[in-house]
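Those sequence lines, one after another, are chains V and P.
Those letters in the first sequence? Residues 1 to 654, by the UniProt record's numbering.
Those letters in the second sequence? Residues 1 to 193, by the UniProt record's numbering.
Calculated directly from the structure, the hints in this document are not laboratory data.
We treat Cβ as the ideally placed atom computed from N, Cα and C, and that holds for glycine.
Check the hints yourself; a few may be wrong.
Claimed, not checked - Under 10 Å between C-beta atoms, here's a sample of chain V residues computed to sit facing chain P:
id, residue
1, N230
2, I495
3, E505
4, A561
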Amino acid sequence: KGHTQLRLSQMKLAVNFLTIGLVILSLPCGSYTEIPPKPPGSVTVLPPVKPAGGPQAFPDAENSNLPVFTMDYARIQVPFEVTLWVLLASFAKIGFHVYHKITFWVPESCLLISIGLIVGAIMHSVHEEPPAVLSYNVFFLFMLPPIVLESGYFMPTRPFFENVGTVLWFAVVGTLWNSIGIGMSLYAVCQIEAFEVQDINLQENMLFAAIISAVDPVAVLSVFEDVSVNEQLYIVVFGECLFNDAVTVVLYNMFIFVADMPVVEPVDVFLGVARFFVVGLGGMGFGVIFGFVASFTTRFTSNVREIEPLFIFMYSYLAYLVAELFSISSIMAIVTCALTMKYYVEENVSQRSCTTIRHVVKMLGTISETLIFFFLGVVTITTEHEWNWGYIMFTLLLALVWRGLGVLVLTQIINPFRTIPFNFKDQFILGYGGLRGAISFALVFTLPDSIGRKKLFLTTTICMIMFTVFIQGISIRPLIEFINVRRTNRNLETINVEIHSRLIEHTIAGVEDLCGQWSHYYWKDKFLKFNNRILRKILIRDNRAESSIVALYKKLELQNAMEILDTVSGDINAGSSIVSLQYVYPLSPSSSCSLSLSLYFALSLILLLSLSLACSPSLSLSLVLSLTLSCSLFCSLFCSLSLSLSLSLSVFVH
Amino acid sequence: SGSNFSTITVCRELHEMGFHVSHSQITRLYSRFTSLDKGENGTLSREDFQRIPELAINPLGDRIINAFFPEGEDQVNFRGFMRTLAHFRPIEDNEKNKDPTASEPLNSRTNKLLFAFQLYDLDRDDKISRDELLQVLRMMVGVNISDEQLGSIADRTIQEADQNGDNSISFNEFIKVLEKVDVEQKMSIRFLH
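Based on the provided sequences and hints, a complete structural model is requested.
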């Protein structure tokens, strides 16, 4: 632990110097750049505008001497700001993990939104617009794909395929039930004169209901991955939030189309159903096609190992974009692509590429998720709101009620078809875990302005998201403990478990054949035979059909060998393993913990101040702010220096 | 066919065994039994089972068939057939709170695990020896693996599970190794109506 403290303080020193550098660079910019007009539409960045007079450091341009020191902020403004925002969100993430207890009880999404709220408040007070990250294009083209790719890539395939019927049942029928139910009831609520919302007609209500009834993958995954529930429940919640995208897309497009028309014809409803099949099956079809193409490509990459990971990302992103081109479900496309691709690609690529792919997918997904929650907090403050007690409260209530009802009814219908039926505890968690998130917000944000009460919808969506993420997200862990939901231990990788599980699978398949009964084992068996005979020959370079038992055995032996090399710290760090063994540090007192916590928050504040500084037009304000932040910077520098000094002193003493 | 019991009798007997099947389920399985019974004498022999094509290519086909035949016998009647199938019934939630002094039903977790254990343990000495393990591994893994590698896998398996140092896996060690696995769900078949 003492060793960690020293490294922590070394890191802080380095980061402090880095921040000083960054801040100094951005300091003078406040006075030089003007704020260019925001372009219409919603792309985040501003084309760089040369400030009047061109890049200059010295006031007199008539002098023909060679300028020794020049600066051109406008040129780097866009990437610079993007990097600063990403860094800020990541610092916040580091800060949370200093105190383990916080992240145990409060999911990270809530913490990130809170920090975003603070930053949003600061930006609002200096009258600065945040970058439009949650606008339609930026969100759906850049922020969402990494997260969905990560969830698709790491989805446990075996339980998924065993439960695919239940997943699709809840995703499709459940979302339909929710949107129609909420839409109708909200329309009924609108008729009540006391709430003053009678101008919202049925189509607009249905549109809004379609947007907020979809369970959000980002929010759900960030809460459920820390909590352990039994495998069946996990995969149904997981799958539902990914696959309800098809329904949401169809309903959204349908109601937007219909919101302009005064009358709805039955033909449109039929077309809507047809469109659903196009969207859903089309999404899956595109995903599978791109997955196979990607696997086929990796068959030939044995001589270009360095760029092997690139193919995974390019093909999955292509699948996403092509699906967006045809307005079919892009989330389903990218998830199916990742599912299909993973199995074959991981056999074709080298070990290093495989590790790289996994790490980069995880990293991109985490960054996106962090940024999304962060900016959710920021835009909460900076958008214009319209508050209406009746509408908002009723929406919250109706969403909960309809979800609960939906889960109850749907489970009753599907339970007879399941091997292990859901008991009431499972159903409760299934209903309670229906969190809403940023997708709903992005969809509402880009509603056409012809919808009169857009601001009300925005406010209601934000309330909905805050309610579900904070209240349901925080309380779900204690609730799971309290009602004692069945758990599945997910770390089951021993060779015994693998062998005996395979034995059991073969037995069940055999007995089912004996009884003349078909279930998913039959289809699984048929697919495996097809796979071995045809698919593997085409898609895999070195087709030595390796049993899963042997693969697991090799993996476990490799892990054991790594563990023998591995000593004090978790990861094997290049070059430091010899040094770290030689010192024993005293246990760190808890005061230094709180010191580090405050230092990290100070750093975050410094970064965001420098951000607002970079954009603020007033010279005096920037002077004041620069003074304050230089002071806080030197304070934190002093603190970390003293900490590391004291630690090294104690080493000498010992 | 030549059998001289009615499905009602079988139903009652199975209920006594703790195997609660509905009438329609028994009828269905009985019709399957008779369709397999080519000799039409009310019992099945090993050849009748081996005629099922998917079972013939199942790596553990022979052992599964063996599990249906009690010790030393070559024929199995419908009662025995159902008794073996009783192991695969899913465990209902309301059965978990039953009277602990009553005999354990056939589809309890322990009995399911015993069924799986006996697929390895052909000589019924209550231990899975290295050879027995190797035989099953060879059947499941296929022909692409050398004997040495298979031997190392078997050694590792025994080393992980063996606690009393006798270089074989006893039934208790078997249960312990699989304690975190959801056996109740994996070893269950929902018998269709």
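Against the structure, the hints come out as follows:
Proximity of N230 (chain V) to chain P holds as hinted, the smallest CB-CB distance being about 8 Å (cut-off 10 Å). Given the 10 Å rule on beta carbons, the hint for I495 (chain V) holds: about 5 Å separates it from the nearest Cβ of chain P. Taking 10 Å as the C-beta cut-off, the interface hint given for E505 (chain V) holds, the closest approach to chain P being about 7 Å. Hint status for A561 (chain V): violated, given a least beta-carbon distance of 13 Å to chain P, over 10 Å.
When held up to the earlier numbered hints, the structure conflicts with hint 4 and nothing else.
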